[in-house]
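Protein sequences, first through last, are from chains B and X.
Heads up, the first sequence is in the working numbering, so the first residue is 38 and it goes up one at a time.
Heads up, the second sequence is in the working numbering, so the first residue is 2 and it goes up one at a time.
Note that these hints are calculated values from the structure, not bench results.
Take the hints with a grain of salt, since some may be wrong.
[Unchecked claim] The calculated DSS-like cross-link candidates involving lysine-lysine, where the alpha carbons are at most 27 angstroms apart (straight line), are:
id, chain 1, residue 1, chain 2, residue 2
1, B, K226, X, K831
2, X, K696, B, K205
3, X, K831, B, K200
4, X, K26, B, K264
5, B, K226, B, K205
6, B, K264, X, K696
7, X, K696, B, K285
[Said to hold, decoys possible] Across the chosen pairs, the derived CB separations fall in these ranges:
id, chain 1, residue 1, chain 2, residue 2, range
8, X, P885, B, P237, 37 to 45 angstroms
9, B, P237, X, G9, 42 to 50 angstroms
10, B, P237, X, Q10, 48 to 56 angstroms
11, B, R218, X, S129, 44 to 52 angstroms
12, B, P90, X, G9, 47 to 55 angstroms
13, X, T758, B, N91, 40 to 48 angstroms
14, X, P885, B, T220, 47 to 55 angstroms
15, X, S701, B, T220, 36 to 44 angstroms
16, X, P885, B, R218, 36 to 44 angstroms
17, X, V792, B, R75, 54 to 62 angstroms
18, B, G258, X, S701, 34 to 42 angstroms
19, X, Q10, B, N91, 42 to 50 angstroms
20, B, R75, X, E553, 56 to 64 angstroms
21, B, S265, X, P418, 22 to 30 angstroms
Remember, it's a predicted structure, so these values are computed and weren't measured experimentally.
By construction, the Cβ of each residue, glycine as well, lies at the ideal position given by its N, Cα and C atoms.
Residues per chain are reported as follows:
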Amino acid sequence: MNKHHRVPSNRTLSSVEVKSKFGAEFRRFSLDRSKPGRFDEFYGLLQHVHRIPNVDLLVGYADVHGDLLPINNNDNYHKAISVASPLLRLFLQRKEEADYSAFGTDSLTRPKKTVLAAVLLRPDANRKKPPVIISLPRDFRPVSSIIDVDILPETHRRVRLYKHGQEKPLGFYIRDGSSVRVTPQGLEKVPGIFISRMVPGGLAESTGLLAVNDEVLEVNGIEVQGKSLDQVTDMMIANSHNLIVTVKPANQRNNIIRSSGGGGGAASGSSGRSSDSGASFYGYFTPGAAIVTTPAHIIQNFHPEELESDEDDEDLVIEADGEALPIPRAASASCSMPSLPRYEPHLNLRSTANGDLASSTGSLSTVSTPDRGLEGRSLEEDGTLITL
Amino acid sequence: MKRFRRHGQESQRERIKQELYGFNKTVEHGFPHQPSALGFSPGLQLLAIGTRSGAIKLYGGPGVEFMGLHDENAAVTQVHFLPHQVELVTLLDDNSLHMWTLRAHHGVSELLEIGRFTLTGPPGAPPSVTRVTAVLAHSSGDLLLLGTEGGHVFIVKVPGFRELEERNISLEKVTNSVPEEYGGRRSLEHVESLQENPVNPRQVLIGYGRGLMVIWDLDSQSAVKHIPATQQLESVWWTEDGGHVLSSHSDGSYCRWKVAGDDPQSEQEKSEVPYGHFPCKAISKIIQLPTEQGPPFLFLSGGMPRASYGDRHCISVIHSKTHVALDFTSRIIDFFVIRDGPDHTGEPSALVVLVEEELVVIDLQTEGWPVIQTPYLVPLHCSAITCSHHVSAIPLKLWERVLSAGTLQNTHYSKKPWPMTGGQNLAPDPPQRDLLLTGHEDGTVRFWDASGVCLYPMYKLSTAGVFLTDSDPNDNLNQGTEGEWPPFRKVGCFDPYSDDPRLGIQKIHLCKYSGYLTVAGTAGQILVLELNDEAAEQTVEATVADLLQGQEGFRWKGHTRLEVREEPVTFPPGFQPFALVQCQPPAVVTALTLHSEWKLVTFGTSHGFGLYDYQQKNNVLVRCTLNPSDQLAMEGPLSRVKSIKKSLRQSFRRIRRSRVSLRKHHVNNAAKLQQANARLEAELAEMELAPVQRKIEPRSPDDSFTGLVRTLYFADTFLSDSSHNTPSLWAGTNGGSVFAYQLRLPPVERRGEDPVTAHPAKEIQLMHRAPVVGILVLDGHGSPLPEPLEVAHDLARSPDMQGSHSLLVISEEQFKVFTLPKVSSKMKLKLTAIDGSRVRRVGVAWFGSTRTDDYGESGLTVLTNQGDLHVVSLPGVKLQVQYPCIRREDVSGIASCVFTKHGQGFYLISPSEFERFSLSARCVVEPRSLVEVSSETPSTTQPRALPDGASVEPVLQEIQKSLEVDQTVLCRDSFVCVCYRTFLENGTSALAGGNVLSN
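Modelling step: build the complete structure from the supplied sequences, incorporating the hints.
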């Protein structure tokens, strides 16, 4: 099978010539245009051909206008392949040496699918920042998001608050109250839980997604109906590192209107396409100010398994010699390592939380390296598209 | 295919769960809270107690107990057994009458409510006309006479509560038949007392509040005689020969009236004010009983001189020249006298007094009238309970030693057996000996035999003797001097006043194999005691443990340390202290564990924890856990003024709410909805006045009391490398930290000289920072490590040291399993994130299967702040079953819960009562008893003129009934056996009286 694909067929239109530059070295190879594969496979291939398996890379390509554009997800990878005519010129940079100003534009990442994005989301990545400038979305950390827009009723809103790495208080209060439900006997008032107060400057307030008198319907996917105020309080606190509350906003005017393609309101568009518009809307701020004043809203689907990974919270163990280590997850039978690289946002987010205790780069590299290696292996095993 | 198999496994697991777990509330131990009525059946030898909350409890011989609860939340004001039957009638505060019976079912009697009745007067009559004030259960057994506030007497046929209107005795009939000067002018007031003539059941005496008494003939429906007393009437007693009537009055006097003879007006023979001269309080009850030879016994309650002794609660017993005023520590509810003889008509043998906080029984046939120790209804709360500790399966030797130490303490009790003998206890003998230890506010520890249905006091340990307290040791109860009047004698042991709150016991740990006990108290004191069969004089040396370890900037604002007696103290046989540790600052001890094999005690407070070697009597380790920013921990006990105010307000609100919701049960759906909406609106309006808010904020390391030590644990496990197991000490704090220390113990032969050392090995900070409430090490098989010395005594399989151990950390929010020696997370169960409840109490228990003797599983028994009980499997930490148990508002009930090692538990349902529950399907301790009417017909021994007419029939029925009962007696034994076997086979389903709940 491999044999067949090793036969060079550079001249045909079905293949894309790739010229990849890393430092002073060039590599040339070709790809099947009709079957470009996934970005992560491509990324592994680049590392392979440059023989730099453990180097974190920023991948850029020159588009038809000569602009340097990044490749960091499947979408812009496919775009790059499709516009290559026929030569695709790639420029690789060590991530830590990356010159971001060279990039003309970028789009918001869909981080959970990409290893690179996970790495790039590191908040301290802007160390070598040029003085001015438009920063990339990866310089931001998500602090909140609206999720599951496609499956929730329009009157409800599911908000995820990322507490990790925040010095800000979560910052809201809840109270008992009553709401009206439709029942077979007619309208009935039922007890409910409501947001009663926002702490000024708190995370909840700064997101703008929660407001006083919003009714709380669910906490991390569990209905609060029939639970006491104290129970709901305890549930929220227990989930505070990654709190997902489903609310029925008191103000229903800012609801997402599903029929229109991309509204210009507070939260725009339907879930599938809106990431781009969100990116273009929020992408250009000076980094420091942006983090404090205007949070990035990433609109994405809510994946339960992602929640699971977040649950794997990292207790801290100090051994007798005083070295602090976050507890790795033990490889137990019930929970095998995923064969695909997966986004583990909590890792780098947490590293800032415990920055004083755990060396963030240390924990990062230990976690990401095996992932990379694994990925490389899987690429070699079913690397049907590699043509050298 | 795969799915099918899985389904099969699941259903099999469900079946195993049913064989292992079953929830039952089984017995209430202790004394009923707020008793309000007492009843006694001489025939059944049962006593009944009604309470303010509407509970009715029946007690016979030890182990014979029944309990019922009225649906109405109203106080029980009177309890009357129907003569010669198993029925009883209760009168409630809301003027309703209830009929209860003891029905035999599967060979075991059950207390059932079989009827209820409220007197209805003529239309338009004021409610006082039918407000019942006096009840007489007529000796014919089928009539109930009800005297009311309006002065009428209604006659009701029972069972069935059929009003016999034509036989009612209206006030008009009575006033017409007595001379003008007594009847006409003023109202006779309410019916205070109804008494039946002991020798002539046709005659009843009606005593009116104003003083007049009328003897009424039920057949001729006319007054036979009247007794012209003029003082406000309190109670009436008809002497046994029927010749005299005694009346007691509100001015502290009692009178004797001669009623024999034909004169329509009785004459006063005697009038006396026993504690006279100065104004006296009312004599609320009077009883006179004859003795075979010699003068009768006279019992009076109350009557004390108002000014000097008006606050005493006294019953005076007068017999011949002996006159004693029994002085109780709480209000007298009621009393009765048990009499000897086959028909219970002989000599008075015991006086049974129900006071508000205890039941006191006085032996009247032994010189000095000593108190008989009660086998049940023990006043658990004679000093407030501050903590409890349960030890299962006590070795016989320790049991006997504790018992004998206890016997030496109880020499002042009467030797006579418990006089109440009703019913038969059919419960099987308890499979093992269990001890429940309660710590009290006055520094005592009480040992209770908790093996069976009766919680029996075994031994009492006092720790106050070690310390110098304000109380004078010579201030004992021998105040009674010769010639004092009234001749008081203190009885009862209820004593809610603590000399020094610092003495309060907070934590207890007993090693059942070695007999070592450690107790810790409110002022940071930790005593180590050992069991000694001889009295011994010794000095207890104190070691101070400075838990602050040089932490600066804190000032202790709480109480001071207890002062230790320097001179040797004589300790009676029993547990004698030999070592004392005092924490500095003297904060309340929050965790305590003893390891008798290593001879180490570890203790913790809100400031840190320490490890004490009680063989060498020195501190091995002191560790401060304080967070420097935690000010509250330093300042001592919190001021709770604000929160009490708030909680009071809330509880009032709750009461109001519950009253609203109680009214009107039967409304149709729409109206119900409307009503609910209205109620909610009302609540909302209330809430807008004072909105209750909760802040949503993750815990931070700066929170208060993060350093408070919640749990301490000793384990022999693989702490630092996987090839060598070492002794270790584990501590968990309120802030979600776990500290592990490796201990080095010298070899046994050098244990006395070489020091024990402790080295810090690990610290775990749980990310969710919830308080750590339990730590447990599981061996290679996933079973909890055995207790110290358990293996040495061949009572447990030695732990598996081959496989890898794991560490289970139980926080209020999660159960988390880590690997050892390298601590990495293996499994977890998140409780709070799922249902918002938090772990309050946790224990390790072994659940045996009801199907086979040899199958069982270890599990965690968990009580949450919602009052729910869970069983969590080990080592898989999966939720198995969940049962609601305690109301979530009942914070003290939840806090008092203690689990046993076999899946049972206790919690306080009132300051004086433990509810016992069982989560195990196999291990259930519950009363199983049978009560029958004695087969003798009542009319054979006592000459009783049978009332003609309707009353003959019920007597015949009664004879027939008693014959039927005889038959059940014959076949009962085999029946019970069968029943018990089916119970074993079917798991919980056949459990009589048990409510089996599934998920």
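TODO: Tell me, in ascending order, the numbers of any earlier hints that this structure violates.
DONE: 1, 5, 9, 14, 16, 18, 21
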